[in-house]
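6 protein chains.
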Amino acid sequence: MAHIRLINPNTTASMTASIYRAANDYAATGTQVSACQPEAGPVSIESHFDEAISAVGVAQEVIKGEQEGNIDAYVVACFGDPGLLAARELTRAPVVGIAEAAFHMATLISTRFSIVTTLGRTGIIAEHLLEQYGFRQHCRRIRAAEIPVLDLEHHPEAAYRRIVQECCRARDEDGIGAIVLGCGGMANLTQEISREVGLPIVEGVSAGLKLAESLIGLGLFTSKHGDLAYPRPKPFTGQFADFSNLTLPPGG
Amino acid sequence: MAHIRLINPNTTASMTASIYRAANDYAATGTQVSACQPEAGPVSIESHFDEAISAVGVAQEVIKGEQEGNIDAYVVACFGDPGLLAARELTRAPVVGIAEAAFHMATLISTRFSIVTTLGRTGIIAEHLLEQYGFRQHCRRIRAAEIPVLDLEHHPEAAYRRIVQECCRARDEDGIGAIVLGCGGMANLTQEISREVGLPIVEGVSAGLKLAESLIGLGLFTSKHGDLAYPRPKPFTGQFADFSNLTLPPGG
Amino acid sequence: MAHIRLINPNTTASMTASIYRAANDYAATGTQVSACQPEAGPVSIESHFDEAISAVGVAQEVIKGEQEGNIDAYVVACFGDPGLLAARELTRAPVVGIAEAAFHMATLISTRFSIVTTLGRTGIIAEHLLEQYGFRQHCRRIRAAEIPVLDLEHHPEAAYRRIVQECCRARDEDGIGAIVLGCGGMANLTQEISREVGLPIVEGVSAGLKLAESLIGLGLFTSKHGDLAYPRPKPFTGQFADFSNLTLPPGG
Amino acid sequence: MAHIRLINPNTTASMTASIYRAANDYAATGTQVSACQPEAGPVSIESHFDEAISAVGVAQEVIKGEQEGNIDAYVVACFGDPGLLAARELTRAPVVGIAEAAFHMATLISTRFSIVTTLGRTGIIAEHLLEQYGFRQHCRRIRAAEIPVLDLEHHPEAAYRRIVQECCRARDEDGIGAIVLGCGGMANLTQEISREVGLPIVEGVSAGLKLAESLIGLGLFTSKHGDLAYPRPKPFTGQFADFSNLTLPPGG
Amino acid sequence: MAHIRLINPNTTASMTASIYRAANDYAATGTQVSACQPEAGPVSIESHFDEAISAVGVAQEVIKGEQEGNIDAYVVACFGDPGLLAARELTRAPVVGIAEAAFHMATLISTRFSIVTTLGRTGIIAEHLLEQYGFRQHCRRIRAAEIPVLDLEHHPEAAYRRIVQECCRARDEDGIGAIVLGCGGMANLTQEISREVGLPIVEGVSAGLKLAESLIGLGLFTSKHGDLAYPRPKPFTGQFADFSNLTLPPGG
Amino acid sequence: MAHIRLINPNTTASMTASIYRAANDYAATGTQVSACQPEAGPVSIESHFDEAISAVGVAQEVIKGEQEGNIDAYVVACFGDPGLLAARELTRAPVVGIAEAAFHMATLISTRFSIVTTLGRTGIIAEHLLEQYGFRQHCRRIRAAEIPVLDLEHHPEAAYRRIVQECCRARDEDGIGAIVLGCGGMANLTQEISREVGLPIVEGVSAGLKLAESLIGLGLFTSKHGDLAYPRPKPFTGQFADFSNLTLPPGG
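Protein chains in written order, with our numbering: chain Y, 1 to 252; chain Z, 1 to 252; chain G, 1 to 252; chain P, 1 to 252; chain R, 1 to 252; chain U, 1 to 252.
Don't take every hint at face value.
Since the list can't tell identical chains apart, any single copy or any two copies may satisfy a pair.
Claimed, not checked - As a list, the in silico EDC-like pairs of lysine to aspartate or glutamate whose alpha-carbon atoms are at most 16 angstroms apart: (1) K64 / E39; (2) K64 / D242; (3) K224 / E39; (4) K234 / E66; (5) K224 / D174; (6) K234 / D25.
Just so you know, these hints were derived from the structure itself, not from any lab.
Given the sequences, and given the hints that come with them, work out the whole structure.
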């Protein structure tokens with residue numbers, strides 16, 4: 001039995017639930033999925049600032065998971081992969097970001113893809129990730145539906161129509177074979193969009209879950225040799241004092 | 001029940017068997033693994049020429065698989081990923097190469113990796129793949145144990161020692177967190193090497209199997225929109241006449 | 001007297017003849033041109049699959065040429081450069097692909113160029129070659145006339161008009177100085193297109209011939225030091241058994 | 001009178017003082033320098049995790065600065081540039097990171113440089129920044145003195161000798177013209193190292209101060225058009241509730 | 001007192017005066033600005049040829065400056081940065097090009113920028129510089145107002161309108177945060193354009209001045225270790241005989 | 001009859017003669033070779049400064065050639081390709097640089113090459129050219145024999161030994177298939193070095209001649225559409241007044 005913990009980096013519980021369902025539908029026999037969200041942080045992530053704050057919550061949730069002691073892998077379920085490398089330092093368990101997961105999967109079924117995301121201003125976050133992960137040349141275009149993240153919850157119909165509209169444009173204009181959905185909040189829409197657009201639609205939450213299962217199945221763990229080794233224990237001050245002299249559990 | 005077909009692109013049956021075992025050990029509940037090799041081609045793949053010939057066999061095995069009609073994904077089990085894009089054109093099922101699979105997995109558990117392969121002359125094949133897939137900056141160095149591929153079968157002890165030796169050098173000198181094994185024939189050595197070297201060792205056959213399972217689980221298929229669409233049917237002549245006017249099965 | 005062998009990787013004899021004429025018109029005094037096509041393979045090359053099969057024929061034609069013993073250089077006359085590195089392994093004689101030849105020449109007379117090819121789906125092949133050869137930044141755009149390759153033979157008037165139309169768009173919209181024709185079948189149209197479009201038009205068959213002449217003239221041969229050394233002799237099975245234990249002629 | 005606020009992202013006050021002195025020595029007539037550190041966070045930054053936590057402090061210090069209302073530019077004084085893009089979103093004032101500042105300056109006085117940093121494990125942070133900022137080809141090598149950051153305070157002599165030793169190796173082996181010091185804690189050593197090594201030594205705190213002065217002098221502000229616009233106001237929960245519905249001052 | 005010498009690489013004195021004013025407005029207390037132009041060369045720089053000739057004048061002006069002996073830094077005030085590396089070889093003083101200066105500054109206040117230049121044909125010069133300096137990915141688009149350089153002097157109103165027009169298009173279509181003005185002759189228009197367009201406008205002459213001030217303030221000099229060392233003295237013939245056996249002043 | 005003009009960018013007549021012989025040995029039947037050197041400039045080119053001055057001479061020699069009216073192509077015979085793009089603007093005839101020529105040829109016969117040049121300080125010039133031309137990934141290493149250019153004339157034996165020594169190191173350590181000689185003055189040594197080192201040695205003067213012949217044979221000319229169009233005529237002052245209002249001959 002493998003236990004995969006989804007970390008929703010924002011603090012909107014309903015989005016956590018929706019991400020959980022989206023992932024759980026894809027869980028293999030023998031995979032237990034659980035989901036959590038930080039105790040503190042932004043209700044949605046739509047800027048570098050939101051992302052920076054949310055990274056603390058991601059780290060805290062990994063530390064909690066390590067204390068629970070029975071988590072086999074983590075998925076960071078926000079398309080900017082906030083705190084991903086920090087999270088990897090905190091555990092031997094594999095940690096997968098949903099942006100990277102979606103990019104990896106998209107390159108396995110197409111030669112070029114486009115991204116359809118929520119707000120145009122977050123496009124730069126995706127660009128930086130594409131560069132860091134090596135997929136810049138595989139992504140033809142980043143398109144924004146220009147809807148705030150929480151509209152996916154509050155105005156689902158209108159949001160859905162805008163996303164499908166941009167996906168159809170990507171299909172017709174970008175010379176691509178697949179589309180990556182650029183927001184964890186779109187996870188539950190994948191199949192419906194795919195049917196309507198007629199292209200493979202890659203969504204990161206489910207992709208991240210399957211990559212996490214894969215890494216567990218392969219017996220691979222986050223390398224503790226070199227730059228992802230556990231952080232050197234040290235004092236932290238103020239509201240972050242709990243991070244002081246972190247002793248990560250042996251199983252971690 | 002998902003059926004994944006491993007295609008060993010060379011014609012050495014014992015290597016097919018070894019690859020089968022290496023993959024089957026990692027198969028999830030509900031995954032049926034089968035393995036095959038081309039009817040015609042080189043007994044090992046150690047050059048661009050060997051690779052070019054083996055690509056025909058890979059294509060033939062995909063066509064056969066499509067005619068069988070019950071294959072859900074293919075894994076091309078040679079580290080040069082021969083015929084990968086051709087194979088993808090021939091089927092809607094996902095097709096995963098073991099080099100790409102290993103690269104993807106290695107980037108999820110480390111920030112930089114090295115490759116340990118058989119012969120130095122095949123390093124250029126890996127370099128070209130790293131460039132095409134986007135992982136050039138993630139790979140610090142390609143190292144060769146300078147052993148012919150079939151020595152992995154004929155002189156397993158000596159071959160094993162040489163590979164471990166290069167892996168240790170990579171660990172100590174390259175500033176990496178993981179090592180990718182650069183030959184399908186090394187698949188059964190992964191765990192032993194990992195124990196001895198003390199780093200995560202990523203091997204492509206098992207990695208390819210898990211990625212194939214993931215794509216099946218996600219309901220993703222090779223995009224038939226754009227440049228991976230089925231090949232236009234047309235006449236082929238001579239020994240390749242069987243490829244003429246290929247009508248791929250509806251399920252394909 | 002230098003003997004250059006053109007290898008048309010597809011099996012359409014009329015296209016071989018047309019390529020021969022296109023090249024022969026440009027041959028220097030002292031250059032003998034001959035042309036051949038594989039005994040087996042696709043009648044045209046419009047996909048990764050077609051290309052993979054054609055690479056075998058290319059290799060076979062090089063082996064034949066080496067057995068003839070009087071070939072000084074080879075030109076692989078299909079825009080995807082199928083089997084190019086395999087061919088280079090099989091001979092000390094220089095081997096030039098027409099895509100690479102055209103790219104090289106275009107960069108000598110302009111700072112940026114566009115490609116006009118037949119079908120959009122082959123654009124990815126050109127993109128991968130541009131990346132591998134280093135010319136990605138020199139190519140502004142890959143344009144497709146969306147005509148099947150054999151239409152160049154069957155509907156030459158209509159095909160010609162479509163190609164000119166795309167060339168004019170490239171000239172007016174792409175900010176380029178030259179155009180590369182992306183199909184060996186366009187070889188005989190070069191001068192006419194150039195006159196009509198008013199830009200230098202670079203065509204690969206003639207460019208490949210001149211580069212082959214240049215390499216012969218320079219006394220340069222394909223390096224046998226390192227990764228283009230002759231393939232290690234080994235058994236091949238089935239319909240490829242003739243490749244077994246290849247002993248390439250001393251002059252090869 | 002221009003007011004530049006140095007933000008030391010770690011919470012070690014003595015390091016803040018040292019950074020302040022290092023910068024103040026270089027301040028132009030008419031520049032007022034002040035320095036601060038977060039109320040909460042790690043005492044030194046030596047990992048992705050430390051960096052992620054420190055980014056919150058950086059953001060908080062910018063928000064405080066904006067509330068003070070008289071800050072003309074900020075310098076983020078840790079070599080990983082933690083929270084840089086988040087900080088830029090929070091203010092119209094220019095914000096400069098010391099890694100980027102050092103890289104920019106180094107390219108103006110040399111064609112290639114090396115970095116000498118504290119711990120090897122932080123090299124990957126510098127590598128990612130070089131890639132994001134565009135300086136990967138300008139940096140020949142990242143070298144680590146393998147000293148913890150606080151040893152710069154606790155064992156200054158030994159630390160200094162190790163740094164000079166690596167700088168000399170860089171000078172002699174790397175084919176470079178300048179060296180970038182990869183830690184804010186080295187700021188006060190710059191001139192001494194430069195004298196001993198005989199190469200231009202670029203240090204980020206002073207470089208960042210001068211770039212901040214330059215941007216102020218030019219009347220340039222952080223663009224609020226597009227992806228660095230103020231974050232959309234929204235609720236934050238828990239210990240981050242203070243960030244809720246942030247209304248940044250008009251002057252901000 | 002720091003003395004910064006602006007070198008206008010073209011020979012139009014009125015443009016030198018205009019560049020001088022543009023820079024002097026931004027000079028810090030304690031900075032003395034002087035400006036010069038070559039005795040010989042083109043009246044404006046609009047081609048590789050113009051640029052090649054102007055590089056001689058730039059070198060001559062640096063040599064003159066070194067003989068004067070009191071110059072602390074140089075700014076090469078033409079957007080192609082002609083002769084920049086040659087100039088750096090001739091002096092220990094920092095030398096800053098206005099294209100590089102503008103690029104550096106633009107990346108500090110935005111994540112992506114566009115360039116608005118005079119003639120389309122000079123775009124390739126900017127492209128080559130972006131590649132060499134590392135900023136290719138930061139520049140979304142190079143736009144030309146298609147006005148000859150001297151029209152900035154002869155038809156200022158019309159030229160200004162065309163530039164503003166292109167800047168507005170860049171703002172609305174390119175997904176950028178800042179605009180770089182691609183011609184030294186536009187220096188005096190910066191503030192007016194910025195007001196009208198509503199984006200940060202980065203102009204190289206003022207940016208170069210501030211970077212020069214910064215380097216002086218930091219005590220940084222052009223590295224004489226390695227490839228920017230003083231040129232080896234040697235004979236020059238003909239009209240360039242004056243460059244023979246150049247002995248650069250000790251202070252140089 | 002095709003007339004190719006070699007331009008030796010330095011003013012050492014004996015080197016012009018040596019370059020002439022090196023090229024003439026490779027001239028095809030029907031090719032007339034002539035060689036010239038600027039009337040003014042450095043006696044050798046070993047720095048950015050030397051190169052900048054020599055670019056004027058290159059331009060002047062092209063203008064002279066155009067006035068002669070019977071030149072079909074030019075070769076710029078210094079490894080830094082000084083003034084290459086300026087030269088291309090001045091004529092419709094093809095202009096080939098010897099660095100680019102050598103790089104192009106080397107990639108046709110090997111997958112990776114190294115450069116052996118004279119002085120280490122000129123390595124950066126080669127690096128910048130590799131980047132601009134697209135061959136950065138094809139060049140494994142730039143090695144310097146650390147001999148001044150004119151030592152090739154004055155101490156030929158010692159220079160030859162040093163070059164062979166570096167070539168052997170490149171062969172044994174760099175993982176390459178070919179070596180590019182990085183100085184026009186080495187042109188006459190090519191065959192001897194190749195025999196001694198046992199690798200294909202690519203030399204730019206002969207390579208440039210053959211590429212020039214190829215372009216002539218193909219009827220290709222330097223594009224006058226876009227950024228290599230003739231320079232706009234304009235006044236030049238001082239010693240460069242002769243360049244004023246350049247009217248290039250109709251044949252040009």
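Practice prompt. Evaluate K64 and E39 at a C-alpha cut-off of 16 angstroms and name the case that applies: within, between, both or neither.
Written response: within (11 angstroms within a copy, 24 angstroms between copies)
Fill in: Intra/inter-copy verdict for K224 and D174 if alpha-carbon distance must be at most 16 angstroms
Between copies only: 15 angstroms across chains, 40 angstroms inside a chain, cut-off 16 angstroms.
Discussion item. I want to check one pair: K224 and E39. Are their C-alpha atoms no more than 16 angstroms apart within a copy, between two copies, both, or neither?
Written reply: neither (28 angstroms within a copy, 31 angstroms between copies)
Practice prompt. Could you place K234 and D25 in one of the four classes (within, between, both, neither) given a Cα distance threshold of 16 angstroms?
Written response: neither (41 angstroms within a copy, 31 angstroms between copies)
Worksheet item: For K64 vs D242, is the C-alpha pair at or below 16 angstroms within one copy, between two copies, both, or neither?
Response: Within one copy only: 12 angstroms inside, 24 angstroms across.
Practice prompt. If the cutoff is 16 angstroms on CA atoms, where do K234 and E66 land: within, between, both or neither? Let me know, please.
Written response: Neither, since 18 angstroms and 30 angstroms both go past 16 angstroms.
Hints 3, 4, 6 from the earlier list are contradicted by this structure; the remaining hints agree with it.
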